[in-house]
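Asks: From first to last, the protein sequence lines stand for chains A and B. Convert by adding 101 to the 1-based position in the first sequence; the result is the number in this note's numbering. Convert by adding 101 to the 1-based position in the second sequence; the result is the number in this note's numbering.
Hints in this document: simulated from the structure, not taken from any laboratory. Wrong hints could be hidden among the right ones.
All copies of an identical chain are treated as equivalent in the list; a pair is satisfied when it fits inside any one copy or across any two copies.
[Stated by the list, open to error] For lysine to aspartate or glutamate, the following EDC-like pairs were computed, each having C-alpha atoms within a straight-line distance of at most 16 angstroms:
no.	residue 1	residue 2
1	114	286
2	122	190
3	184	159
4	114	213
5	122	213
6	114	274
7	122	286
Note that the structure is predicted; figures quoted are calculated from it, not measured.
There are 2 protein chains.
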Amino acid sequence: MQLLKERILQEGKNLGSGILKVDGFINHQVDPELMDRCGEEFARRFRDLNPTKILTAEISGIAPALMTARHMGLPVVYARKNKPITMPDQVFLTLAPSHTKGRMVELIISPEFLGHGERVVIIDDFLASGATIAGLVRLAQAAGAQIIGIGTLIEKTFEGGRALLSTLNIPIESLVYITSMDGEEIVIDPDR
Amino acid sequence: MQLLKERILQEGKNLGSGILKVDGFINHQVDPELMDRCGEEFARRFRDLNPTKILTAEISGIAPALMTARHMGLPVVYARKNKPITMPDQVFLTLAPSHTKGRMVELIISPEFLGHGERVVIIDDFLASGATIAGLVRLAQAAGAQIIGIGTLIEKTFEGGRALLSTLNIPIESLVYITSMDGEEIVIDPDR
Numbered sequence: 102m103q104l105l106k107e108r109i110l111q112e113g114k115n116l117g118s119g120i121l122k123v124d125g126f127i128n129h130q131v132d133p134e135l136m137d138r139c140g141e142e143f144a145r146r147f148r149d150l151n152p153t154k155i156l157t158a159e160i161s162g163i164a165p166a167l168m169t170a171r172h173m174g175l176p177v178v179y180a181r182k183n184k185p186i187t188m189p190d191q192v193f194l195t196l197a198p199s200h201t202k203g204r205m206v207e208l209i210i211s212p213e214f215l216g217h218g219e220r221v222v223i224i225d226d227f228l229a230s231g232a233t234i235a236g237l238v239r240l241a242q243a244a245g246a247q248i249i250g251i252g253t254l255i256e257k258t259f260e261g262g263r264a265l266l267s268t269l270n271i272p273i274e275s276l277v278y279i280t281s282m283d284g285e286e287i288v289i290d291p292d293r
Numbered sequence: 102m103q104l105l106k107e108r109i110l111q112e113g114k115n116l117g118s119g120i121l122k123v124d125g126f127i128n129h130q131v132d133p134e135l136m137d138r139c140g141e142e143f144a145r146r147f148r149d150l151n152p153t154k155i156l157t158a159e160i161s162g163i164a165p166a167l168m169t170a171r172h173m174g175l176p177v178v179y180a181r182k183n184k185p186i187t188m189p190d191q192v193f194l195t196l197a198p199s200h201t202k203g204r205m206v207e208l209i210i211s212p213e214f215l216g217h218g219e220r221v222v223i224i225d226d227f228l229a230s231g232a233t234i235a236g237l238v239r240l241a242q243a244a245g246a247q248i249i250g251i252g253t254l255i256e257k258t259f260e261g262g263r264a265l266l267s268t269l270n271i272p273i274e275s276l277v278y279i280t281s282m283d284g285e286e287i288v289i290d291p292d293r
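Sequences and hints are given; from them, build the entire structure.
Replies: This is the structure in structure tokens:
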């Protein structure tokens with residue numbers, strides 16, 4: 102997606118160790134118009150799969166997932182990392198390693214909002230190692246829901262996430278593919 | 102706002118101790134269309150103040166703040182509760198008590214995205230004690246930004262937040278006013 106590519110090249114920063122800083126438009130300050138355009142694009146790519154729900158993980162997945170859900174007329178559920186007191190005692194919970202926190206975090210979904218027979222598209226900001234998304238897949242499977250597609254804003258193709266998730270045999274769509282982050286470079290695949 | 106009132110009366114649950122459960126459309130599962138309508142309404146109420154930025158706190162403020170920002174053509178910044186590795190060492194940080202966590206949490210904003218001369222509207226899901234919003238106000242003041250308005254989806258009028266924030270002498274707009282949560286009741290002010 103050209104708009105997102107250009108923004109990453111203009112404002113993204115390679116902080117080393119595979120860390121891409123996009124705090125100015127995705128991860129701390131958010132550009133709602135850009136997120137809306139990304140949501141529109143995800144909706145276009147996944148509409149024919151007839152999903153019933155969009156799933157993401159707090160925090161940075163919320164903006165693109167919300168905009169995707171808006172364009173598809175669907176509810177969005179975000180997995181919580183801390184169980185709020187409004188949630189029932191019995192929940193779906195899994196652990197996933199957090200790339201940016203350097204430790205395991207919990208991913209929690211209430212059975213009230215993800216159930217048997219749902220057709221779920223996962224939307225998140227990054228596809229890197231795929232660990233967070235794999236955690237969301239486990240939660241959905243525990244709930245008896247079917248994951249039918251995965252969409253991420255930015256895929257780092259050199260961190261193995263796509264291979265990890267390939268056994269699901271479902272479409273994995275990223276809007277920008279970063280193929281290398283050696284030195285201070287951010288190399289984006291120009292052809293997809 | 103009639104649409105939000107009706108939804109709270111249909112699906113909200115009074116869990117006691119002033120805890121209102123709206124997990125089905127705001128706090129865990131989100132209705133993007135409803136949030137979009139709320140954002141449109143905030144935009145209508147605050148447009149004449151000529152804000153330059155929308156500010157909120159993760160996590161549940163993100164959806165209404167993002168939609169408000171979209172309708173105003175502005176960026177939105179969400180204060181983080183954990184400092185990500187992409188943030189500079191020098192940040193604006195304050196502590197605020199969390200109603201739902203029962204402890205103090207950090208609110209952190211990078212000086213990159215909130216600065217001198219900005220005209221800021223704060224949007225959040227709840228106005229209860231006002232502690233989180235007061236924390237955001239402190240951060241904005243530390244950054245040299247001016248808070249010119251506050252908007253929340255749901256105000257619990259019996260928890261003192263409006264009084265706490267009244268010294269700011271700025272418009273505080275809520276879309277629904279809950280005046281009592283005794284027993285299992287949810288009493289909504291019908292007139293505003």
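Asks: Please work out whether the CA atoms of residue 122 and residue 286 approach to 16 angstroms or closer within one copy, between two copies, in both situations, or in neither?
Replies: within (12 angstroms within a copy, 46 angstroms between copies)
Asks: How do residue 114 and residue 213 come out at 16 angstroms by Cα distance, when the copy is not named: within, between, both, or neither?
Replies: between (40 angstroms within a copy, 13 angstroms between copies)
Asks: Please sort residue 114 with residue 274 into within, between, both or neither, judging by C-alpha distance up to 16 angstroms.
Replies: neither (23 angstroms within a copy, 38 angstroms between copies)
Asks: Quick one: residue 114 to residue 286, C-alpha cut-off 16 angstroms, is that within a copy, between copies, both, or neither?
Replies: within (9 angstroms within a copy, 51 angstroms between copies)
Asks: Classify it for me, residue 122 with residue 190: is the Cα-Cα distance of at most 16 angstroms met within a copy, between copies, both or neither?
Replies: between (37 angstroms within a copy, 14 angstroms between copies)
Asks: Under a CA distance limit of 16 angstroms, which applies to residue 122 and residue 213: within one copy, between copies, both, or neither?
Replies: between (35 angstroms within a copy, 12 angstroms between copies)
Asks: How would you classify residue 184 and residue 159 at a CA-CA limit of 16 angstroms: within, between, both, or neither?
Replies: both (12 angstroms within a copy, 15 angstroms between copies)
Checked against the numbered hints listed earlier, the structure breaks hint 6 alone; every other hint is satisfied.
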